[in-house]
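Asker: Here the sequence shown stands for residues 183 to 324, where the numbers follow the numbering used here.
In short, the hints are calculated from the structure, not lab data.
Be careful, since some hints might not be right.
Beta-carbon label-pair distances, calculated as ranges [said to hold, decoys possible]: (1) ILE255 x GLU229: 36 to 44 Å; (2) LEU220 x SER198: 30 to 38 Å; (3) LYS207 x ILE241: 49 to 57 Å; (4) THR235 x VAL204: 44 to 52 Å; (5) PHE234 x LEU213: 25 to 33 Å; (6) ILE241 x ILE203: 54 to 62 Å; (7) LYS239 x GLU205: 44 to 52 Å; (8) CYS217 x ILE184: 24 to 32 Å; (9) ARG251 x ARG214: 54 to 62 Å.
EDC-like mimics (lysine to aspartate or glutamate), calculated; alpha carbons at most 20 Å apart, straight line [as the list claims (entries may be wrong)]: (10) LYS239 x ASP250; (11) LYS254 x GLU242; (12) LYS227 x ASP237; (13) LYS207 x GLU197; (14) LYS240 x ASP250; (15) LYS254 x GLU238; (16) LYS195 x GLU205; (17) LYS240 x GLU229; (18) LYS207 x GLU219; (19) LYS239 x GLU229; (20) LYS227 x ASP243.
Where a beta carbon is used, it is the ideal one built from N, C-alpha and C, also for glycine.
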Amino acid sequence: MISIDQVLLLQQKVESAVQKIVELKSENDALRRQCSELTNALSEKTELLNSFTADEKKIEDSILGALDRLNKIENSVLSQAGQNAAPKSEAAPLPANNTDAKDNTAEVPSDDIKSEDVVAPEFDMDTTSEEPEEKEEKFDIF
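Model the full assembly from the supplied sequences, consistent with the hints where possible.
Answerer: This is the structure in structure tokens:
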């Protein structure tokens with residue numbers, strides 16, 4: 183037969199198991215809340231990262247666009263410098279009609295210009311001419 187000691191021991195073990203189950207349930211609830219909070223934080227961080235990535239892409243595109251415009255301006259200036267230097271260095275006479283002079287000027291693609299081929303333009307120091315002031319206004323970015 184079952185003795186009273188055995189029943190008391192069984193009751194003590196059941197109460198201990200019930201207490202352990204209650205503790206584990208509360209720990210499980212706390213871990214689920216923490217998991218939920220961390221999941222929400224991860225979602226927020228992911229959205230923030232996506233926003234930063236999009237902003238970074240916009241900034242990069244903007245910088246590349248600005249660099250491209252600067253390259254075009256530089257190529258234009260180098261092309262003009264090459265065109266201005268070519269007629270002064272050549273001894274060929276200019277045609278009588280000034281409109282034909284531009285048509286006879288060969289344009290060198292800006293990709294073919296090397297830094298050693300570029301000749302600094304000669305500036306006319308005559309202050310009565312309005313032309314140099316107009317060129318300065320075109321490229322004044324400040």
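Asker: Taking 20 Å as the top limit, are the C-alpha atoms of LYS207 and GLU197 close enough?
Answerer: Within the cut-off at roughly 15 Å; holds.
Asker: Do the alpha carbons of LYS207 and GLU219 lie within 20 Å of each other, as the hint requires?
Answerer: Given that 20 Å is the threshold and the Cα spacing comes to 18 Å, the pair holds.
Asker: Starting from the hint 24 to 32 Å, judge whether the C-beta atoms of CYS217 and ILE184 obey it.
Answerer: Violated: the Cβ-Cβ distance is about 45 Å, outside 24 to 32 Å.
Asker: So the hint says 36 to 44 Å: do the beta-carbon atoms of ILE255 and GLU229 match that?
Answerer: Since the Cβ atoms of ILE255 and GLU229 sit about 39 Å apart, the hinted range of 36 to 44 Å holds.
Asker: Tell me if the straight-line CA distance from LYS227 to ASP243 falls inside 20 Å.
Answerer: violated (24 Å)
Asker: Under the criterion that the straight-line Cα-Cα distance not exceed 20 Å, is the pair LYS195, GLU205 satisfied?
Answerer: With a Cα-Cα distance of about 15 Å, the restraint between LYS195 and GLU205 holds, given a limit of 20 Å.
Asker: With 44 to 52 Å as the target window, see if LYS239 and GLU205 comply at their CB atoms.
Answerer: holds (50 Å)
Asker: Taking 30 to 38 Å as the hint, is the beta-carbon distance of LEU220 and SER198 inside that range?
Answerer: Holds - the Cβ-Cβ distance for LEU220 and SER198, about 32 Å, lies within 30 to 38 Å.
Asker: Is the hinted range of 44 to 52 Å satisfied by the C-beta distance from THR235 to VAL204?
Answerer: Because 46 Å falls inside the window, the suggested range holds.
Asker: Is LYS254 close enough to GLU238, meaning Cα to Cα at most 20 Å?
Answerer: This hinted pair is violated, its Cα atoms lying about 24 Å apart.
Asker: Against the 20 Å threshold, does the CA-CA distance of LYS239 and ASP250 hold or violate the hint?
Answerer: holds (16 Å)
Asker: Assuming the hint says 49 to 57 Å, is it satisfied by the Cβ distance from LYS207 to ILE241 or not?
Answerer: The hinted range 49 to 57 Å holds for LYS207 and ILE241, with Cβ atoms some 50 Å apart.
Checked against the numbered hints above, the structure breaks hints 8, 15, 20 and satisfies the rest.
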